[in-house]
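Please arrange chain C on chain D, whose structure you already have, making use of the hints.
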Amino acid sequence: MSIFDKIIDLSSRTASSILKREKPESLADSDLFTDSDKEYILKHLTDEKLLKKRAVLLQQFNKKEDWKAIQSKIDVPVKKLQIWKYAAAVAVLILGSTLYFSKNHLIENEPNKVVVTKSVITPGTDKAILVLASGEQVALGKGSVYNSTGVHSNGTEIIYKNDNTAKNTIAYNYLTIPRGGQFFIKLADGTKVWLNSESKLKFPVSFVDGQPRQVELVYGEAYFDVSPSTAHKGSHFNVLTQNQNVEVLGTEFNIKAYQDNQTIYTTLVEGKVHLTGSFNSTILKPGDQSVLENHNIRVAAVDVFNEVSWKEGIFSFQEMPLKDIMRVLERWYDIKTVFKNKAIENSTFNGILDKDQKIEEILNIISNTNKIPYEINQKTVIFK
Amino acid sequence: MGVQCLTLKEYKSVFNTLYPSLCLFSNKYIENIEVSKDIVQEVFIKIWEEKIEFHNDAAIKSYLYTSVKNRSLDYLKSRHYKVTESLGKTDFAQMETDPFFLREVVISETSLLIEKAVNTLPAKCAQIIKLSIKGLSNTEISEELGVSLNTIKTQKKIAYKRLKPLLKDCFFIIAFVFEIRN
Chain D
1 MSIFDKIIDL
11 SSRTASSILK
21 REKPESLADS
31 DLFTDSDKEY
41 ILKHLTDEKL
51 LKKRAVLLQQ
61 FNKKEDWKAI
71 QSKIDVPVKK
81 LQIWKYAAAV
91 AVLILGSTLY
101 FSKNHLIENE
111 PNKVVVTKSV
121 ITPGTDKAIL
131 VLASGEQVAL
141 GKGSVYNSTG
151 VHSNGTEIIY
161 KNDNTAKNTI
171 AYNYLTIPRG
181 GQFFIKLADG
191 TKVWLNSESK
201 LKFPVSFVDG
211 QPRQVELVYG
221 EAYFDVSPST
231 AHKGSHFNVL
241 TQNQNVEVLG
251 TEFNIKAYQD
261 NQTIYTTLVE
271 GKVHLTGSFN
281 STILKPGDQS
291 VLENHNIRVA
301 AVDVFNEVSW
311 KEGIFSFQEM
321 PLKDIMRVLE
331 RWYDIKTVFK
341 NKAIENSTFN
351 GILDKDQKIE
361 EILNIISNTN
371 KIPYEINQKT
381 VIFK
Chain C
1 MGVQCLTLKE
11 YKSVFNTLYP
21 SLCLFSNKYI
31 ENIEVSKDIV
41 QEVFIKIWEE
51 KIEFHNDAAI
61 KSYLYTSVKN
71 RSLDYLKSRH
81 YKVTESLGKT
91 DFAQMETDPF
101 FLREVVISET
111 SLLIEKAVNT
121 LPAKCAQIIK
131 LSIKGLSNTE
141 ISEELGVSLN
151 TIKTQKKIAY
161 KRLKPLLKDC
171 FFIIAFVFEI
181 RN
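Just so you know, the protein sequences line up as chains D and C, in that order. Residue numbers for the first sequence follow full-length UniProt numbering, beginning at 1 and rising by one. Residue numbers for the second sequence follow full-length UniProt numbering, beginning at 1 and rising by one.
By construction, these hints were calculated from the structure, which means they are not laboratory data. The C-beta atom is built at its ideal place from N, Cα and C for all residues, glycine as well. Take these hints with a grain of salt, some might be off.
Claimed, not checked - Going by beta-carbon spacing under 10 Å, a handful of chain D positions derived as facing chain C: (1) I3; (2) L27; (3) D35; (4) K38; (5) I41; (6) F61; (7) Y146; (8) I314.
Said to hold, decoys possible - Computed cross-link-like contacts, DSS-like style, restricted to lysine-lysine with a CA-CA straight-line distance of at most 30 Å: (9) D:K49 - C:K134; (10) C:K157 - D:K64; (11) D:K127 - C:K134; (12) C:K28 - D:K20; (13) C:K161 - D:K358; (14) C:K51 - D:K355; (15) C:K153 - D:K192; (16) D:K311 - C:K157; (17) C:K156 - D:K186; (18) C:K130 - D:K20; (19) C:K28 - D:K38; (20) D:K6 - C:K161; (21) D:K142 - C:K156; (22) C:K9 - D:K340; (23) D:K127 - D:K371; (24) D:K63 - C:K130; (25) C:K12 - D:K371; (26) C:K77 - C:K9; (27) C:K12 - D:K6; (28) C:K156 - C:K134; (29) C:K134 - D:K52; (30) C:K116 - D:K68; (31) D:K161 - C:K161; (32) C:K161 - D:K23; (33) D:K52 - C:K161; (34) D:K63 - C:K134; (35) D:K384 - C:K161; (36) D:K285 - C:K161; (37) D:K142 - C:K164; (38) D:K358 - C:K130; (39) D:K355 - C:K124.
In isolation and in its complexed conformation, chain D is listed as follows:
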């Protein structure tokens, strides 16, 4: 590592510590500086007066003007198109974390190519439909409160409590999350489940300790944080999907089993799970993802963060084809996508984006990074 690489690395670690209000240990341990230099550095990063001085100076900048000054002094190639060709060939999308500085220089290119007739698209919200054992349906969402024996919802989540007056038959409820929705449920055994858009979970309203606990992800995507077997007289927890059973002993994992895709993805975050079905039964280690397709299962290590960030309010994409990114966005924004230019469907992108972002902000970046014009017509996004 060159000294400069060390400096860059040290800066990022120090920034991270300061933001988290932790002691900047990397700086303290660094052999690049004397103690008084270290003190000087920290003072310049945290002292109110010095920060204010920096802020005041920063306000005096007019980046646009100064960029123009530079532009007028350099030779810019006349055929801009060639640059765009190159950029399109190495299609990479930068969103979210990097959006704030990519925005400035990416968005100003030919905005006239974007046609938005009338935007009716909004990000998703917390909402779900609860179907009781009696068949009765209850719409859950912001502002609606639901209370019944052993169950309570404040509109953004639903909590079940174990009913100890256990009956002989266990009643099942369903929770259905529409497109443009997400919901959190705490089951009667304490297991937490985050449900993504367009998902459906079948679950018992109460559990009997010592007997297997079983829920079914009818379709869609869910993140499970399972209450350990040891807390329930050794009761195993099972998650059924159409072609797969996941047996767990207390762990965290994500299952994606959407109907439009005959593939089931199971990603283990923590603990151990056992997958069974009409395929070779498989055990996953933390960080593993299994992909079940046509009765064949394969396992590979993945970056878990990309798989489970959705439950933290973030979408994280790495080397993901545009058509797959759009499939995720379609569910959250409840939109449709049309690719008039099929060639771009498989361009891959990296990016992190906030689920609260406006769809236009995301599309503008995709569009400008790659010179792909798009159009929004009601709830349909058309890439031309």
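Just chain C, lined up with the frame of chain D:
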């Protein structure tokens, strides 16, 4: 990925990201923000005109900070400067040392990262995190802003949730131009 010079888009991205920081960095040497701007602009023009090639983001930063430092020191040695202002000999000798340079680069880079991160937050969160960085406790922040302690706690939670992807693995992953190329 080979060594190549920047495309116009990448070049502008570097400018947008680093220009103000580099000016403030130069200003640490010469204490004249207008002259600092001229120095940094000259360095940028040189990169483009001479088609200077880089093999990664660190190389770009290394080149920029080093060039701006050299030009700033040159300015302090110039006749024009000597006629109009004055600087103690010891100060100048200190400024020519590597520790002085590296110290200012760390301050510049770290500040830039913190500012970028805070700017991604909603206004209320950002305000609270800024006060927190200055060392204020939750109680002090709540008094300063006239909001409840619980609000501070909630806002901080939101802030950390939002910053989590940035702070992954204990340090920042910030894409710069080379992320665009890959």
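Here is what the structure says about each hint:
Taken as an interface hint, D:I3 checks out: its beta carbon lies about 7 Å from the nearest beta carbon of chain C, inside 10 Å. The criterion of a C-beta within 10 Å of any C-beta in chain C is met by D:L27, whose closest approach is roughly 8 Å, and the hint holds. Here the hint on D:D35 is broken, as its CB sits about 12 Å from the closest CB of chain C, past 10 Å. Restraint check, D:K38 versus chain C: the minimum CB separation of about 9 Å is within 10 Å; hint holds.
This hint holds: D:I41 has a C-beta 6 Å from the nearest C-beta of chain C, less than the 10 Å allowed. Using the Cβ-Cβ criterion of 10 Å, the hint placing D:F61 at the interface with chain C is satisfied: the shortest such distance is roughly 5 Å. For the restraint placing D:Y146 at the interface with chain C, the shortest Cβ-Cβ distance is roughly 24 Å, beyond the 10 Å limit, so the hint is violated. Given the 10 Å rule on beta carbons, the hint for D:I314 holds: about 6 Å separates it from the nearest Cβ of chain C.
A hinted pair counts as satisfied when its Cα atoms are at most 30 Å apart, and D:K49 with C:K134 qualifies at roughly 10 Å. Taking the CA atoms of C:K157 and D:K64, the gap is about 35 Å. The hint is violated against a cut of 30 Å. For the hint pairing D:K127 with C:K134, the CA-to-CA distance comes to about 39 Å; that exceeds 30 Å, so the pair is violated. At roughly 27 Å between alpha-carbon atoms, C:K28 and D:K20 fall within 30 Å of each other, so this suggested pair holds.
For the hint pairing C:K161 with D:K358, the CA-to-CA distance comes to about 19 Å; that is within 30 Å, so the pair holds. Taking the CA atoms of C:K51 and D:K355, the gap is about 40 Å. The hint is violated against a cut of 30 Å. Taking the CA atoms of C:K153 and D:K192, the gap is near 23 Å; set against the 30 Å cutoff, the hint holds. Of the pairs offered as hints, the one joining D:K311 and C:K157 holds, with about 15 Å between alpha carbons and a cut-off of 30 Å not exceeded.
Simply put, C:K156 and D:K186 have alpha-carbon atoms about 24 Å apart, close enough for the 30 Å limit, and the pair holds. Restraint check: the Cα-Cα separation between C:K130 and D:K20 comes to about 11 Å, which is no more than 30 Å; the hinted pair holds. About 17 Å separates the Cα atoms of C:K28 and D:K38, which keeps this hinted pair within 30 Å; it holds. Distance restraint check for D:K6 and C:K161: the Cα-Cα separation of roughly 28 Å lies within the 30 Å cut-off, and the hinted pair is therefore satisfied.
For the given pair, D:K142 sits about 23 Å from C:K156 by alpha-carbon distance, which is consistent with the 30 Å threshold. Between C:K9 and D:K340 the alpha-carbon distance is near 26 Å, which keeps this suggested pair within the 30 Å criterion. Pair hint D:K127 plus D:K371 does not hold up; C-alpha atoms about 36 Å apart against a cutoff of 30 Å. Taken as a hint, the D:K63 and C:K130 pair is honoured in the structure, with Cα atoms around 23 Å apart against an allowance of 30 Å.
Restraint check for C:K12 and D:K371: the C-alpha separation of about 17 Å stays at or below 30 Å, so the hint holds. For the suggested pair C:K77 and C:K9, the alpha carbons sit about 35 Å apart, so the restraint of at most 30 Å is broken. Proposed proximity of C:K12 and D:K6 is supported: the alpha carbons are some 26 Å apart, at most 30 Å. Our distance criterion of 30 Å between C-alpha atoms is met by C:K156 and C:K134, whose separation comes to about 15 Å.
Taking the CA atoms of C:K134 and D:K52, the gap is near 11 Å; set against the 30 Å cutoff, the hint holds. This hinted pair checks out: C:K116 and D:K68 have alpha carbons roughly 23 Å apart, not beyond 30 Å. Using a Cα cut-off of 30 Å, the hinted pair D:K161 and C:K161 holds, with the two alpha carbons roughly 28 Å apart. For the hint linking C:K161 to D:K23, the alpha-carbon distance of about 20 Å falls within 30 Å, and the restraint holds.
Taking the CA atoms of D:K52 and C:K161, the gap is about 26 Å. The hint holds against a cut of 30 Å. Of the supplied pair hints, the one linking D:K63 and C:K134 holds, its CA atoms being roughly 27 Å apart against a limit of 30 Å. For the given pair, D:K384 sits about 36 Å from C:K161 by alpha-carbon distance, which is inconsistent with the 30 Å threshold. Proximity of D:K285 to C:K161 is assessed by CA-CA distance (about 26 Å); at most 30 Å being required, the pair is judged to hold.
Using a Cα cut-off of 30 Å, the hinted pair D:K142 and C:K164 holds, with the two alpha carbons roughly 26 Å apart. Of the supplied pair hints, the one linking D:K358 and C:K130 holds, its CA atoms being roughly 26 Å apart against a limit of 30 Å. For the given pair, D:K355 sits about 19 Å from C:K124 by alpha-carbon distance, which is consistent with the 30 Å threshold.
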